[in-house]
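Enquirer: This is what each chain is made of:
2 protein chains.
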Amino acid sequence: METKAARRAGWSTIVAVLMGLVPGVAAARPNLVLIVSDDHGREALGCYGNPAVKTPHLDALAADGTRFTQAFCTTASCSPSRSVLLSGQHNHRNGMYGLQHDDHHFQSFAGVRGLPVRLAAAGYRTARIGKFHVAPEAAYAFQTVLSAGAANDPATIGRSPVEMAEQARAVIEAKDERPFFLYFASDDPHRANAVLPDGKPTFDTWPQPNRFGNRPEGYPGIDPQRFRPEDVRVPAWLPDTPACRAELAEYYQAIARLDQGIGRLIALLKAAGKYESTLIVYLSDNGAAFPGAKTTLYEPGIRLPLLVRAPGRTRPGAVQEAMVTWADITPTLLDVAGVPAAAGECDGRSFRAGLDGAALPGWDEVYASHTLHEVTMYYPMRAVRTRRHKLIVNLAHELTYPSALDLIKSPTWISATEQGNGMLGRRPVGLFLHRPKLELYDLEEDPDEVRNLAEEPARQTLKAELLAKVKAFQAATKDPWVRKWTYE
Amino acid sequence: METKAARRAGWSTIVAVLMGLVPGVAAARPNLVLIVSDDHGREALGCYGNPAVKTPHLDALAADGTRFTQAFCTTASCSPSRSVLLSGQHNHRNGMYGLQHDDHHFQSFAGVRGLPVRLAAAGYRTARIGKFHVAPEAAYAFQTVLSAGAANDPATIGRSPVEMAEQARAVIEAKDERPFFLYFASDDPHRANAVLPDGKPTFDTWPQPNRFGNRPEGYPGIDPQRFRPEDVRVPAWLPDTPACRAELAEYYQAIARLDQGIGRLIALLKAAGKYESTLIVYLSDNGAAFPGAKTTLYEPGIRLPLLVRAPGRTRPGAVQEAMVTWADITPTLLDVAGVPAAAGECDGRSFRAGLDGAALPGWDEVYASHTLHEVTMYYPMRAVRTRRHKLIVNLAHELTYPSALDLIKSPTWISATEQGNGMLGRRPVGLFLHRPKLELYDLEEDPDEVRNLAEEPARQTLKAELLAKVKAFQAATKDPWVRKWTYE
Chain A
378 METKAARRAG WSTIVAVLMG LVPGVAAARP NLVLIVSDDH GREALGCYGN
428 PAVKTPHLDA LAADGTRFTQ AFCTTASCSP SRSVLLSGQH NHRNGMYGLQ
478 HDDHHFQSFA GVRGLPVRLA AAGYRTARIG KFHVAPEAAY AFQTVLSAGA
528 ANDPATIGRS PVEMAEQARA VIEAKDERPF FLYFASDDPH RANAVLPDGK
578 PTFDTWPQPN RFGNRPEGYP GIDPQRFRPE DVRVPAWLPD TPACRAELAE
628 YYQAIARLDQ GIGRLIALLK AAGKYESTLI VYLSDNGAAF PGAKTTLYEP
678 GIRLPLLVRA PGRTRPGAVQ EAMVTWADIT PTLLDVAGVP AAAGECDGRS
728 FRAGLDGAAL PGWDEVYASH TLHEVTMYYP MRAVRTRRHK LIVNLAHELT
778 YPSALDLIKS PTWISATEQG NGMLGRRPVG LFLHRPKLEL YDLEEDPDEV
828 RNLAEEPARQ TLKAELLAKV KAFQAATKDP WVRKWTYE
Chain B
378 METKAARRAG WSTIVAVLMG LVPGVAAARP NLVLIVSDDH GREALGCYGN
428 PAVKTPHLDA LAADGTRFTQ AFCTTASCSP SRSVLLSGQH NHRNGMYGLQ
478 HDDHHFQSFA GVRGLPVRLA AAGYRTARIG KFHVAPEAAY AFQTVLSAGA
528 ANDPATIGRS PVEMAEQARA VIEAKDERPF FLYFASDDPH RANAVLPDGK
578 PTFDTWPQPN RFGNRPEGYP GIDPQRFRPE DVRVPAWLPD TPACRAELAE
628 YYQAIARLDQ GIGRLIALLK AAGKYESTLI VYLSDNGAAF PGAKTTLYEP
678 GIRLPLLVRA PGRTRPGAVQ EAMVTWADIT PTLLDVAGVP AAAGECDGRS
728 FRAGLDGAAL PGWDEVYASH TLHEVTMYYP MRAVRTRRHK LIVNLAHELT
778 YPSALDLIKS PTWISATEQG NGMLGRRPVG LFLHRPKLEL YDLEEDPDEV
828 RNLAEEPARQ TLKAELLAKV KAFQAATKDP WVRKWTYE
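In order, the protein sequences belong to chains A and B. 378 is the number of the first residue of the first sequence in the numbering used here; add one for each residue after it. 378 is the number of the first residue of the second sequence in the numbering used here; add one for each residue after it.
No wet-lab data here; the hints were simulated from the structure. Treat each hint with caution, since some may be false.
Copies of the same chain are indistinguishable here, so a pair counts whether it falls within one copy or spans any two.
Derived DSS-like pairs: lysine-lysine, alpha-carbon spacing no greater than 30 Å straight-line [as the list claims (entries may be wrong)]:
| id | residue 1 | residue 2 |
| --- | --- | --- |
| 1 | Lys-651 | Lys-786 |
| 2 | Lys-846 | Lys-552 |
| 3 | Lys-855 | Lys-786 |
| 4 | Lys-431 | Lys-848 |
| 5 | Lys-814 | Lys-552 |
| 6 | Lys-786 | Lys-846 |
| 7 | Lys-861 | Lys-814 |
| 8 | Lys-552 | Lys-786 |
| 9 | Lys-840 | Lys-647 |
| 10 | Lys-848 | Lys-651 |
| 11 | Lys-431 | Lys-552 |
| 12 | Lys-647 | Lys-861 |
| 13 | Lys-786 | Lys-861 |
| 14 | Lys-814 | Lys-786 |
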């Protein structure tokens with residue numbers, strides 16, 4: 378028999394559902410803020426275990442939301458990764474095989490309907506600020522471009538995140554019933570184009586470290602955080618040299634700047650009373666701009682920070698261990714927004730059910746696909762990453778592994794190759810540059826990914842299983858490179 | 378003292394100049410007809426020495442105009458070669474690094490102003506019919522598209538050249554003062570996509586030859602010419618197998634069809650009284666669709682037919698031995714049209730002064746640049762070809778030489794590899810697939826390009842000279858791949 382109390386509880390539940398306060402159920406059509414940093418590695422956040430770096434606002438976001446520990450990009454290259462983020466399709470499927478700018482000139486297919494386009498069609502107001510670096514415009518169109526500019530151009534706003542946040546006020550505070558989607562993309566902490574006296578850009582700073590956008594005059598609203606080389610944490614995959622430490626110190630300063638800008642953005646959301654009705658996502662497009670990370674499919678390149686603060690979250694500080702990739706971001710945000718994507722349109726899937734930290738069974742492996750970075754850097758790789766293992770297939774392994782201009786001129790690289798002992802962290806430079814077709818790693822026994830088990834008799838069954846998975850992935854995602862198995 | 382006769386002769390000369398009848402001076406602003414065939418090799422025309430093939434109309438054009446004996450494409454790949462033809466820029470400069478269609482998805486830079494755009498700006502009326510296969514539309518825009526369709530789509534008009542000529546009537550016969558530029562691009566004699574019963578296309582025709590567009594019902598206005606395998610001429614670079622002969626027979630039939638269509642086009646020009654005021658150019662985008670030609674930088678791939686009939690020509694049947702490339706076509710046609718190109722805008726230059734067969738000093742070497750064909754076929758090559766020698770630099774030589782789908786499934790290829798003696802003509806298949814970084818050939822002693830002299834002590838000076846030329850060419854044409862010399 379239903380008591381009056383039970384009836385009231387029943388109604389409360391209904392109201393709570395409607396108000397989005399029941400655990401796991403987000404408010405219908407929340408605002409969406411997707412913060413994408415540029416080359417921010419997972420090894421450089423406080424909440425991911427680095428005691429030296431200063432990221433108080435990101436740490437606070439993690440403490441108030443959910444921190445994903447097994448989040449991966451699918452390709453550690455800027456434009457390709459961003460195309461995956463904004464389409465839910467692997468870049469070998471959406472057409473952005475390599476970088477978008479200048480003579481690299483890659484772009485997604487005209488028929489791609491990216492996240493902002495779909496959200497606008499569903500009644501969201503959409504705005505972007507900062508780095509874009511994808512094309513064509515129509516596939517990834519935002520209604521409002523708050524401030525744009527060429528990728529990593531020192532004259533653009535991407536290095537000035539507090540200013541970026543202030544410009545985003547217009548979107549946050551607008552008197553508009555419609556929910557908003559804000560895409561907030563910093564240039565930090567990417568390496569900076571140094572500018573020579575004659576105005577030409579260069580990455581040739583040896584022996585001085587790249588400045589990562591740091592400059593004597595600072596940036597509006599930023600309290601510069603400087604780091605001493607002796608205080609940085611040199612990850613195992615980098616050479617512990619003075620040049621590397623000096624560069625990490627600059628990198629940390631850029632991260633601290635970024636963090637302050639994000640802090641301002643979050644403060645503005647709170648001040649506008651929108652924090653509780655906004656899904657905030659923080660992630661990086663790919664790993665740090667240091668050799669052995671960005672442009673590789675090694676852990677430092679692909680395993681990345683992902684922090685989410687969802688409306689109605691009930692478990693602040695939750696840790697999510699489901700394995701997700703950037704191909705899942707568009708499906709997830711569309712799901713949160715209540716916008717159905719057609720079956721098969723995305724390669725990724727929604728992890729909305731896990732935003733609050735709830736365990737997600739069946740999310741135990743991810744796939745990566747990289748083809749080019751710069752147009753001259755053809756090095757297609759396909760990989761499967763399970764909880765314990767990684768198999769990388771290097772489809773053009775005969776080639777010397779090509780290095781991006783900013784990395785090959787970095788003092789860190791020079792200190793390891795010309796000046797050093799021939800080791801890049803725990804990997805010989807020679808093996809970094811000349812790789813076999815298959816790389817098989819046991820990440821539990823060998824987290825540094827330096828002991829290739831591909832030829833071990835005891836691992837042949839495992840290798841065959843993983844290889845079959847990679848091929849199936851290629852077929853399922855319409856990978857043009859799947860034909861290499863038949864014809865070469 | 379000037380006699381009355383001399384004065385009259387003087388006036389006649391002036392009038393003749395104005396009328397364009399003085400040798401070497403083309404009529405001001407003639408009509409321009411650029412006929413581009415698809416994969417028509419130089420070894421398959423009567424006027425280039427093949428007694429078995431039937432090309433009476435092309436032969437007549439050569440007999441009435443100028444036949445170029447040292448004409449070359451710069452890259453033996455469809456879209457890239459067409460982008461060079463229509464821009465005057467090497468494809469590594471204009472952005473069309475590989476094929477345009479489907480998932481290959483390459484396109485020129487937005488700022489490219491192709492030949493039809495410039496001619497339209499100068500007051501020409503421009504029209505195209507048949508194969509296009511370049512992008513973006515705006516860079517290569519024609520005012521009128523008589524009939525279009527996807528490259529090599531059986532449903533399009535590209536296989537029906539008499540119909541194409543009939544559609545071009547509208548342009549030829551129009552009552553319009555302005556001169557016209559007609560771009561007439563056949564799909565012949567490209568291999569055909571066979572269509573399976575389920576409607577899917579395939580190149581898997583073994584053991585039957587590819588039909589090269591030939592079909593039982595024929596084409597409007599075409600008198601089908603069939604050839605017996607025993608009557609074809611197997612060039613030295615192909616395997617003399619039944620499968621190859623059968624394919625050559627089909628290829629010849631497609632060429633005969635193409636020739637009849639061109640015959641119709643020329644007849645229409647004559648009937649309209651426009652033949653004498655039209656510059657007619659016939660060429661092929663690249664060499665024959667047989668292994669060892671198309672997509673390589675060997676002679677069968679790059680040395681091509683070029684026939685020109687210029688208004689006011691005084692030496693019918695002239696032979697021009699200047700070394701020219703498809704990068705010179707746009708500058709030449711612009712020159713003929715009296716449209717100046719800005720300095721440095723094109724990589725090629727005008728050979729207008731040689732259209733009538735006059736010797737051109739200083740035209741004694743050409744350059745080739747190939748990067749991709751299909752998007753999975755990354756194999757960048759740069760070459761210099763002098764009167765006697767060729768140096769090819771294979772920038773990714775470690776890779777297995779990739780083969781286009783239509784070639785690798787061709788019965789000709791299968792007959793050489795699986796069925797044959799491991800030779801592709803005079804070249805071992807193994808050396809075709811696995812190449813050294815440098816290939817140096819003496820074309821006088823070794824026209825088959827099978828004796829690589831790159832390591833010969835006696836040729837090191839020559840090699841160094843040619844290599845220096847290639848690097849200078851790369852720098853001068855803003856080749857992104859020039860950085861490979863420094864970084865790998």
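Enquirer: From the Cα coordinates, with 30 Å as the cut-off, is the pair Lys-840 and Lys-647 best called within, between, both, or neither?
Expert: neither (50 Å within a copy, 69 Å between copies)
Enquirer: Is it within, between, both, or neither for Lys-814 and Lys-786, if the alpha carbons may be no more than 30 Å apart?
Expert: both (27 Å within a copy, 25 Å between copies)
Enquirer: State whether the alpha carbon distance between Lys-552 and Lys-786 is at most 30 Å within one copy, between copies, both, or neither.
Expert: Neither way: Lys-552 and Lys-786 sit 49 Å apart in one copy and 63 Å across, limit 30 Å.
Enquirer: Within a copy, between copies, both or neither: where do Lys-814 and Lys-552 come within 30 Å Cα-Cα?
Expert: neither (56 Å within a copy, 64 Å between copies)
Enquirer: Between the shortest in-copy and the shortest cross-copy C-alpha distance, which are at most 30 Å for Lys-848 and Lys-651: within, between, both, or neither?
Expert: neither (45 Å within a copy, 59 Å between copies)
Enquirer: For Lys-855 and Lys-786, with the copy left unspecified, which applies at a CA distance of at most 30 Å: within, between, both, or neither?
Expert: between (36 Å within a copy, 21 Å between copies)
Enquirer: My question is about Lys-786 and Lys-861: at a cut-off of 30 Å on alpha-carbon distance, are they close within one copy, between copies, both, or neither?
Expert: between (33 Å within a copy, 14 Å between copies)
Enquirer: From the Cα coordinates, with 30 Å as the cut-off, is the pair Lys-431 and Lys-848 best called within, between, both, or neither?
Expert: neither (42 Å within a copy, 48 Å between copies)
Enquirer: Since the copies are identical, ignore which copy is meant and state whether Lys-431 and Lys-552 lie within 30 Å (CA to CA) inside a copy, between copies, both or neither.
Expert: neither (35 Å within a copy, 76 Å between copies)
Enquirer: Is it within, between, both or neither when you check Lys-651 against Lys-786 at 30 Å Cα-Cα?
Expert: Classified as neither: same-chain Cα gap 44 Å, cross-chain 61 Å, threshold 30 Å.
Enquirer: Tell me, please, which holds for Lys-846 and Lys-552 at an alpha-carbon limit of 30 Å: within, between, both or neither?
Expert: neither (50 Å within a copy, 65 Å between copies)
Enquirer: From the Cα coordinates, with 30 Å as the cut-off, is the pair Lys-861 and Lys-814 best called within, between, both, or neither?
Expert: Classified as both: same-chain Cα gap 12 Å, cross-chain 22 Å, threshold 30 Å.
Violated hints, listed in ascending order, are 1, 2, 4, 5, 8, 9, 10, 11, 12; each of the other numbered hints is respected by the structure.
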